[in-house]
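Okay, here's what each chain looks like letter by letter:
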Amino acid sequence: MTKGEKKSFNESLAEWKLFLYNPTTREFLGRTAKSWGLILLFYLVFYGFLAALFSFTMWAMLQTLNDEVPKYRDQIPSPGLMVFPKPVTALEYTFSVSDPSSYEGYIKDLKKFLKSYSLEEQKNLTNCTDGVLFEQKGPVYVACRFPDFLLQACSGRNDPDFGYSQGQPCILVKMNRIIGLKPEGSPRIDCISKDENTAIVSTYPNHGIIDLKYFPYYGKKLHVGYLQPLVAVQVSFESNSTKKEVTVECKIEGSRNLRNEDDRDKFLGRVAFKITART
Amino acid sequence: MSRKTLEIYSVELDGTKDTKQTDQEDDKKYNDLDLKKSHQKEELKRELDLDDHKLTSEELEQKYGTNIITGLSSARAAEHLARDGPNTLSPPKQTPEIIKFLKQMVGGFSILLWIGAVLCWIAYGIQYVNDKSASLDSVYLGVVLALVVILTGIFAYYQEAKSTNIMASFSKMIPQEALVIRDSEKKVIPAEQLVVGDIVEIKGGDQIPADIRLLSSQGCKVDNSSLTGESEPQPRSAEFTHENPLETKNIGFYSTTCLEGTATGVVINTGDRTVIGRIASLASGVGSEKTPIATEIEHFVHIVAGVAVSVGLLFFIIAVSLKYQVLDSIIFLIGIIVANVPEGLLATVTVTLSLTAKRMAKKNCLVKNLEAVETLGSTSIICSDKTGTLTQNRMAVAHLWFDNQIFMADTSENQLNQAFDQSSGTWASLSKIIALCNRAEFRPGQENIPIMKKVVVGDASETALLKFSEVILGDVMEIRKRNRKVAEIPFNSTNKFQLSIHETEDPEDKHFLVVMKGAPERILERCSTIMINGQEQPLGKSNATAFHTAYMELGGLGERVLGFCHLYLPEDEFPESYPFDVDAMNFPTSNLCFVGLLSMIDPPRSTVPDAVAKCRSAGIKVIMVTGDHPITAKAVAKSVGVISASSETVEDIARRCSIAVEQVNKRDARAAVVTGMELKDMAPEQLDEILANYSEIVFARTSPQQKLIIVEGCQRQDAVVAVTGDGVNDSPALKKADIGIAMGIAGSDAAKNAADMVLLDDNFASIVTGVEEGRLIFDNLKKTIAYTLTKNIAELCPFLIYIIVGLPLPIGTITLLFIDLGTDIIPSIALAYEKAESDIMNRKPRHKKKDRLVNHQLAIYSYLHIGLMQALGAFLVYFTVYAQQGFWPTSLINLRVRWEKDELNDVEDSYGQEWTRYQRKYLEWTGYTAFFVGIMVQQIADLIIRKTRRNSIFQQGLFRNKVIWVGIASQIIIALILSYGLGSVTALSFTMLR
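In order, the protein sequences belong to chains H and P.
If you read the first sequence in full-length UniProt numbering, its first letter stands for residue 1, the second for the next number, and so on.
If you read the second sequence in full-length UniProt numbering, its first letter stands for residue 1, the second for the next number, and so on.
Keep in mind the hints are simulated off the structure, nothing from the lab.
Among the hints, a few may not be true.
As the list claims (entries may be wrong) - Straight-line distance between alpha carbons at most 25 Å, and here's what the computed DSS-like set of lysine-lysine pairs gives:
(1) P:Lys-614 to H:Lys-108
(2) P:Lys-100 to H:Lys-86
(3) P:Lys-323 to P:Lys-362
(4) H:Lys-220 to H:Lys-137
(5) P:Lys-249 to H:Lys-220
(6) P:Lys-132 to H:Lys-86
(7) P:Lys-850 to H:Lys-17
Stated by the list, open to error - Here are some of the chain P residues that sit facing chain H, going by a computed Cβ distance under 10 Å:
(8) Ala-546
(9) Thr-549
(10) Gly-886
(11) Asn-905
From a predicted model like this one, the values you see are computed outputs, not experimental measurements.
Quick reminder that beta carbons are idealized off the backbone N, C-alpha and C, glycines included.
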């Protein structure tokens, strides 16, 4: 029995060898060199043509686009809120007051981020009128100044540690840029602590106001140097509270067309984050 | 010689119908699967262990504890019933429905999808343990996958159950009853309550309710065709005539039919212990071959599953080595498998097959096993019965000889076209004899039925003569009334003639007319004169020679020849009141006047020659297998074209060249007539040689058992063999054949049970239509599969690109399922309605091993050509959607990680806008929908491409297959509903498109 199997194995091996290269017909893998050549040529031409066709259609499609404003903006009618710096995991800030290395990263990120908001960087920007939309007709679009002192205690001017070393960390809340968005009313960012007694939440600029002069946004290409308005949130833990952990929720308020309560999108006009400060 | 072998059919077709149906009902329960291995088909031939036929009545009474006069007592009968069980054949041990159902659940691709579903849930479980807020996506996917499997399983099960139901409805249940003597009383009881020892009475038209030993009989004849395949009526009486219980006259077998007469007998065996019960159980002992389409589908499933799993695993490994998380990689794996597996295909194939089965049922081919539909198409040899399949299964007058001339009669199904010369005086006499010397009668109450369809009481040749004269002369009954019969001697085998004496129709003419018919040589012996052109002439030598030549010629055509003569009795010797005494024969039976010869044949069905020619052009060999005499067989074979006009057998060549048969070069002959006797002595190699070397073969004088040998021989030639059969003894051959075809009218139920297909009209031509349908379905299945496979590439590419290039996922797994099971299902079924391209009956049958359903050309064409184009097209749509919303194609590369991070809610697009996770997700779904619609639209184009494989689309006609357009409409509607109607259902991930 085994003998027969072995033989058949040898046979199949020989068959494979023959398939690999058949010296009589000069076939390699079942085809002659000429046949292989032709078939490769066919696929070369065929796929070459397909690639060309695809590239051409892609090119034609891209021609229909405008590189200043996207063709459709229906999928982002309302902006999301996001915090800065971005914690490593989820939206949970954990640091230890006594250990600078635990918040070093946050400070570095904040400094880097706020660099473009420093006065020197904004020299070329315009001073716009407060409280009104700053609509422009082009062709040159100018950006409004957002001086970092508006962030007061969180500007990093007086406190290079952004409050982390005192256990009063600063976190920036920003509204997503959306081209052409014109907020109505007087939007502001309201932040509340979910656990009332453990911490006081202060927002800068006062009341977390977002000035309308930063809107509308005209896109990366046209609106060079655009600075998006920021709101800083500072959490001060009550010194007597033992539990230095708080969940803060920020929402856009005061504007009818900026939505902040979408069941599915937890970041549409709102953001929640957790801060844990150890001693 | 030929006369004996010509088969006589049961004329009372309608009369036996009721019993037939009961029979079907009983036999549906055949196939005793509890069969032991030791039961071999050879046992069919085994002598029965039965000696009741040798016993006397007294011994029987003793043995069965019964009384011939009073019967069993009710109490005794009940006792026996409890001991032996009811008198029914035990039903086949059917696979429980639940097992059938579960088989559908795990067969084919289902197991892959189950694995996918379970992996999904496991993945979710792990995610959930790590993070309680894990997204439910993979649970949804798992549920959808499981649903897909369950739904397609239910669907396939339903389809199969439905086709089984066709069969079930075909054999309606009518309880059979038996007249039995119990407690000295005659009672009618259900046949299944019969027990051994019961005394039963049977009469013409009854089905014999159990194996019985006859105690007395009056002219009882039975039709044993359901047992032996030979339909010649056999007399039954109480005498013990043969050692072999199958041959002896005093045993009647269960399920055979009593044709005429009455009989009383004692029940000796019931239920499964009857002869037929034993034979029926043997049928299941012969292995049934796997159908070619099942093999093809399996082959296809293996290929696709192999590709799916290996591509999946390859990319799983790639994904892991690209530092993706294992969990993610598993999800990729599932996506790849789902993309690769054509979930809807097997359901589509089932539907396609059952559609064809329905279409075939309309054409009188009832398909029991769906897969047999295609098997018929790949048939390369048909072993056909002669009687009833190639022929009309009735006698018809084929030739007449009178006035020294042979005339041809019309043997077509309606016989209306009788073109021979009817002006001669001889014909007037002959027609009178035909009409008068005949005991057959039409059953009353059939005035409005065409003559040929009327039911006749009488044997086959008398029926033929009655109908023949009815067609030509008009109302035969009226003629007989006018020529009152005064005496009659029925046909018997010693006299070999039939005689009757009539008054003439002319009331003035007081002559009596003696008419006689019978074996030509016997008739001629009794004649001294012959009628030529209406004049009586002395029967000279030349006339006698002419008679013999004609007789030989007609006999050589395989026809049954009858001679006719008459005599007007002299008025003075036989006055009006003359007492004719048939026992004393007080009237002359010699020196009659010979009038003519008439020959009858079971004529070929008029559609058969065409059908045989069609088979031949389709490369199908038609082999005739019959129990008939070789001469008859050959004559019929020639007339239907099984042996074509130009072909000769070795014997023909020998005769033509006047040389010995041995000297003929066997290669010169294309046809062969092989008898059962020759076959018996043949080694398998010799049979193989005959089957391989002759293109036209007739097997004559074969027993049903030899059919099995022939089938096996054909299968050794690598042929797909279709076999027709009707007797119980045919069932092993029917089972063994690749496709067994049972006769719907003449077939016994065991045969129907063993067969894959039932021919409702017993017509060979229906087989050919079936072949045509079978070939068409193979072609159309190829189209369907090509259509279905094409989109697999378009479905697979997104996952591969997603893993390698890091684009946001172009299409979700659930969305894929909506293509496979939503939009694509109806169009792929619509392809089954595609008409044949060119003449499919001019091609050779497909080779079982070489012409696969899915070959590499089809795979490459689908995957690498059309599939790739489709993928590119779909990607174009996908890129367009993203670009129009702000993400240019270049920005998408390697965006995947940031794109999918839940806490990252300010991903910047190419225009500086920032997107939250949900906004991105929504865009992703829009991408899915776009990709989906992209594939869908291209599948419409694909569908139109796939309409044809050889012809141009304009040759085939764009609008000839309306169902295709229904399919396209359904595709569009489903897509619209999905993207606009269900946009709000999260789990489906569809969004509205602009």
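_Hints breached by this structure_ = 1, 2, 3, 5, 8, 9
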